[in-house]
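Given these sequences and hints, build the entire structure.
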Amino acid sequence: MYSFESRVRYSECDKSGRLSIVGLIDYLQDCTTFHSDHVGHGLEFMAAHDYAWFIAAWQIHVLRLPRFAEKIRVSTNAYEMGSVTSNRNFSITDEGGEPCVLADSIWFTYDTAAKSPCRIPDFEHVYVTGEPRLDLPRTSRKIKVPKGGVELPSFHVVEQMLDTNNHVNNAQYVSIADGIVRARDPEFSTRVIRVQYRSMALLGDVVCPRLHATEGGYIVDLADESGSSYAIVSFESLPTEPGAPAPLPSPSGAGREA
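Numbering-wise (the working numbering), the sequence shown opens with residue -5 and increments by one.
A few of these clues could be false.
[What the hints assert, rightly or not] With a cut-off of at most 30 Å between alpha-carbon atoms, the simulated DSS-like pairs for lysine-lysine come out as follows:
{"id": "1", "residue 1": "K109", "residue 2": "K138"}
{"id": "2", "residue 1": "K65", "residue 2": "K109"}
{"id": "3", "residue 1": "K65", "residue 2": "K9"}
Rather than coming from a laboratory, the hints here were simulated on the basis of the structure.
Written out as C-alpha cells, the structure reads:
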C-alpha cells in the first residue's frame, strides 16, 4: 500500500468549507500517480516506454467530506492485476485513522504509440504487494443509463480540461457532472459516485450532457454529438440530517487497512 499525508487546502474546498467532489477525485488521482513515481514508473518512465494507465471505472463511497485545514491520509492499494485490467482501492482517512472516503476502481494500460489499449507490461506487477482489498462491492464497468432525461447545452473541450495524455482528465468529467447536478438540485449531497469512462474527449470536441433523475440521485451522461458517451457519472445522495450516518459495506473493517 502507498500513502501520503496532506491537509485540506482552501482551494480544494466548496462553499461549505469542506473538500469538494473534484478535490476528492484529485486526491485519489494524485495518490496513484505518486505511487507510480514512488516505484520508479512515473510520467517520464511511462513516456519512454510508450504507455499510460487509464481508468475505466470508479466506485467512490463518501462517509464524510473532510473540512478545511483538516489533516488527512490518502492511500491506495493495487490488490489485483490481470493481463489487461488492474483493480485499485483508495481511502482517505482523518487524523485519527477513521475513514472519510473509500473507493474502488478499474484501470487498464494504453499504448500511446499505437493509440490503443494494450496488455499490462510484466514490470507493472510491482504495484501488487499482497494487501487485501477493502470490503467494498466489486466495481461494475457499466452504468445503465435510463431513457429520456433532460438535454443540456453542449460545450467544447478547452485546454484547461486536459491532462498530460492530452485528453479530458477523469476528474474533469466528475466536476462537470457535479456542477450540472448542483445547478439542478443545490442541496443535493453525494454518498456514492460511480463513473464509467467510455471514450476520450480531446481538445475541441463537443460534449453534450444529458441529466437523468433516478431514485435517490442523478445520472449525467456526457456524450459526443452522435450520442456516444465519453463518460457516465452516477450520484447517490447522502442523508440530509447533520451527523446522520452514511451506511457502507463494513466501513470499520475497511478502516483497518487505511
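Here is how each hint holds up against the structure:
1. K109 - K138: 27 Å, holds
2. K65 - K109: The hint is violated at about 40 Å.
3. K65 - K9: Within the cut-off at roughly 19 Å; holds.
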